[in-house]
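Participant: Each protein sequence line maps, in turn, to chains A and B.
Okay, so the first sequence: first residue is 1 according to our numbering, each after it adds one.
Okay, so the second sequence: first residue is 1 according to our numbering, each after it adds one.
Mixed in with the good hints there might be a few duds.
[Unchecked claim] Heads up, incomplete: computed chain A residues facing chain B, CB under 10 Å, no partners named: (1) 29; (2) 30; (3) 31; (4) 51; (5) 55; (6) 136; (7) 237; (8) 248; (9) 296; (10) 307.
FYI, nobody ran anything at the bench for these hints, they're computed from the structure.
As the structure is a computational prediction, the values presented were derived from the model and not from experiment.
Glycine is no exception: its CB is placed at the ideal position from the N, C-alpha and C atoms.
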Amino acid sequence: MLNLFFPDKATVIVGLEIGTAKVAAVVGEVTESGGVNVIGIGQCPSRGVRKGEVVDADLAAEDVRNAIVEAEKSADVEIASVYLSVTGGHLTSLNTHGVFTAASDDHEISPPDVGEVLANAKVFNRPSENTVLHAIRQHFTLNGQAGIADPVGMLGGKLELDMHVVHGVTTRLQNPVRVVKGLNLEVEELVFSGLASSLALLDNEQKQMGVLVVDFGAGTTEYVVYADGVIKHTGILAVGGDHVTNDLSYGLRMAPARAAMLKKEHGAATIEGAAGQTLTLTNENGFPDRRVNLEHLRRIMVARLEETFELIDEDIGEKGFHDQLRAGVCLCGGGARIRGIDGLASDIFAMPACVGRTSAVGGLRSATDDPELATAVGLVKYGAIRQKAQRPGGIVGKLKHLAGSFGIL
Amino acid sequence: MTTIESNPAPGPVKKQLTIKVFGVGGCGGNVVSHIARAGFSGTQLIVLNTDSQALSQCPLPHKFNLGLKLNGGLGAGGDPERGRAAAEEDEARLRELCTGVDMVFICAGLGGGTGTGAGPVLARVAKECGALSLAFVTLPFDCEGPKRMRQARLGLEEFKAAADGVICLPNQKVFKLIDENTSVIETFSTTNELLAQGVRGIWQLVTRPGFINLDFADLCAVVRDRHSESSFASAEAAGPHRAKEVVEKLMANPLLDGGTALGESDALLVSLMGGPALTMAEVNRVMEQINRHADNAHLIMGAAIEDALGDRMTVTLVAARRRSHAADLPKDVEPEPAPDPGIAPSPRGNSDVELLGAAIAGKPVMRAAATKPEAGRGVVGFAAPEPEASPVATLASTRSWRSRKKAKVVHPELQLETVTKGPFEHSEPTLRNGVDLDVPTFVRRGMPMN
């Protein structure tokens with residue numbers, strides 16, 4: 001849209017994540033060859049967000065402004081619009097099914113037919129206060145033949161479509177949008193943050209093999225299941241690093257700020273090697289203050305992390321995805337920095353686990369190597385794909401559009 | 001070796017179920033001797049101590065001196081670390097003793113060296129050997145000084161972490177059962193008797209068949225890996241109003257904190273036992289009253305007929321709560337009128353057995369019908385009469401009105417308020433399957449931390 005009128009800027013894409021721990025803005029450009037390069041980052045500690053949702057709009061606006069200004073400086077561009085990630089416990093996902101029936105079996109499927117089946121699939125029973133955030137095409141089925149990527153031009157009387165739909169409470173989705181708009185920035189699109197993270201981390205091969213992406217953030221944990229190259233399932237747990245901090249603060253009886261520090265310095269997702277060790281904490285003057293049992297610290301952390309993974313495992317197990325995840329588990333978010341988290345994840349999910357790197361984009365190493373920036377980087381990737389899709393063109397362009405949507409989704 | 005059958009198992013005992021009772025340290029030895037004196041049969045009683053002198057005075061045939069190399073048989077000197085080291089030195093031997101055993105009772109007095117230090121090691125070893133380990137421990141009297149109490153508390157935490165269940169008797173509570181004139185010897189024999197009753201109660205629970213039966217597997221499911229703490233109590237009554245009286249006596253028991261422990265519990269094992277004349281209406285009446293006190297708890301009940309009981313009826317219950325809470329603290333509940341000097345000691349033993357301790361929380365398992373003696377070793381008739389019960393105490397009923405009043409006031413939900421949600425206090429709670437995930441996981445799982 002904007003880029004249509006200002007073709008020069010079309011290549012600059014900004015991803016903005018208003019997270020619980022930090023606000024991150026990542027500026028990327030689309031290269032000649034169609035790849036994405038990160039050219040600037042802006043970050044600011046976040047204060048107005050709890051469990052992934054804005055609770056104090058003024059503070060959040062201030063933090064967003066700081067992050068955007070820093071990103072503008074770092075990339076030397078002016079930011080006019082952003083792709084914004086959203087998350088929160090109110091988001092729900094489900095798989096829907098749409099059907100289009102033609103008069104006869106030798107009907108040639110045309111784009112309007114596809115449009116109709118898409119519209120059909122989007123009709124499902126949802127609470128009236130919710131809006132659809134994403135409706136992601138999975139596969140078409142034509143006269144019982146499953147796994148068709150593009151049915152246009154094929155013959156068939158019954159066209160079916162499976163979609164994955166993410167929806168959430170309209171008003172709560174609008175809160176971060178209002179914060180951004182209050183700063184005279186346009187919001188190009190709202191993107192589920194788990195989806196954005198997975199775009200940044202995964203390559204096509206992993207999507208084909210089947211993979212679980214777990215974005216362990218400060219306020220929420222999102223997870224996305226890919227199999228056969230498409231999104232099969234998404235979910236959110238409003239549990240994150242803040243919960244770990246709170247558990248420690250409660251269990252070790254100390255202020256949350258100190259608990260957060262201990263978590264970063266001595267935390268790990270294993271109790272191995274911690275038995276019988278004691279940490280001596282110093283007060284602000286550098287004198288020994290009190291002692292903390294390292295084993296207790298670890299046990300509190302492990303209990304929380306274990307439980308979070310178990311809940312996710314239970315959920316994907318219920319849906320029967322265990323056998324389809326041959327590429328294992330990919331972790332990102334601030335939680336991926338916890339020592340030994342990959343070991344714990346592979347124990348609980350019983351599949352290989354690794355900390356994801358944003359391999360899908362080039363540019364600043366500091367952005368692409370940081371698991372905490374996966375969402376923001378993924379937003380840039382998402383923007384690039386969308387803009388490519390929206391660029392006008394003839395038949396070739398339309399084909400690219402379709403191909404593009406399947407590439408991402 | 002230190003273990004021998006002290007007696008051929010009597011009829012009703014399922015011989016497949018191997019149970020061993022360990023007494024660790026001086027107090028543990030005394031308790032086990034007490035159990036032996038009361039004619040406890042069918043299990044092996046073993047005494048472990050670091051002090052060879054104390055060991056030699058113990059009348060039991062099976063004893064083992066821990067840490068001979070380390071301490072030279074001179075005891076642990078009140079240092080739990082030395083107790084632990086001694087037990088670890090002889091870990092291989094302990095493992096031998098625990099191998100192939102289904103259930104291990106560990107009796108110990110906390111606060112000293114051997115019981116506090118070596119006990120948890122034994123519990124861990126027993127668990128590693130696949131046995132269900134239940135610990136019966138005492139906390140020291142307040143007058144023994146804060147250091148011993150501190151050591152005892154640390155030991156209790158370790159026990160909770162190591163054993164499947166801990167039943168803990170704060171000695172201080174025994175003051176409620178004794179009067180001015182009770183001698184020191186009697187006092188200690190009272191606490192020993194209480195622990196002995198606990199061991200016997202659980203033992204009977206798992207070995208006697210009943211017409212409403214529970215098996216060993218159910219007990220395991222409820223106890224194993226809970227690391228929790230619970231109260232144990234039993235009472236007996238006779239006569240036409242025995243159903244009512246027996247509950248009153250139960251509630252009057254100071255070790256149940258006047259019924260508070262019931263209100264706080266989230267699982268209850270109740271065992272009823274009566275003579276052949278036991279009526280369903282009586283069972284119903286007892287259970288109804290207990291239910292009223294513990295409406296939040298999962299109830300597991302068993303009932304059995306024992307001809308020897310005549311017109312008497314006994315109720316044994318184990319109340320488990322998830323978190324230890326105040327239960328192990330010898331806090332003052334309410335002033336109990338001191339019992340008459342004369343009758344005090346004897347009723348205590350029979351009608352008012354209570355142990356505060358640990359074990360259980362769990363799934364509701366209710367079995368009806370006596371289809372039991374099933375093949376597996378797991379079968380446990382569940383019904384614990386007071387053994388050799390003697391005439392019922394009048395003392396319990398005199399205090400019952402107070403206790404009942406108190407019990408009514410109990411709101412088990414109160415516990416919820418004590419859990420902080422920190423920064424999430426004002427945000428929308430994160431609920432999954434009805435569980436509030438904002439509450440720290442280790443709190444919900446009842447993991448012991450000090």
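Participant: Run every hint past the structure and note whether it holds.
Facilitator: Verification of the hints:
1. 29: Because about 38 Å separates residue 29 of chain A from the closest Cβ in chain B, which is outside the 10 Å limit, the hint is violated.
2. 30: Hint on residue 30 of chain A: violated, closest Cβ of chain B at ~38 Å, above 10 Å.
3. 31: 41 Å, violated
4. 51: Check passed: Cβ of residue 51 of chain A comes within 6 Å of chain B, closer than 10 Å.
5. 55: 7 Å, holds
6. 136: Since the shortest Cβ distance to chain B is 25 Å, the answer is violated.
7. 237: 7 Å, holds
8. 248: This hint holds: residue 248 of chain A lies near chain B, its Cβ roughly 9 Å from the closest one there, short of 10 Å.
9. 296: Since chain B brings a Cβ to about 5 Å from residue 296 of chain A, closer than 10 Å, the hint holds.
10. 307: 5 Å, holds
The structure is inconsistent with the numbered hints 1, 2, 3 and 6, although it conforms to all the rest.
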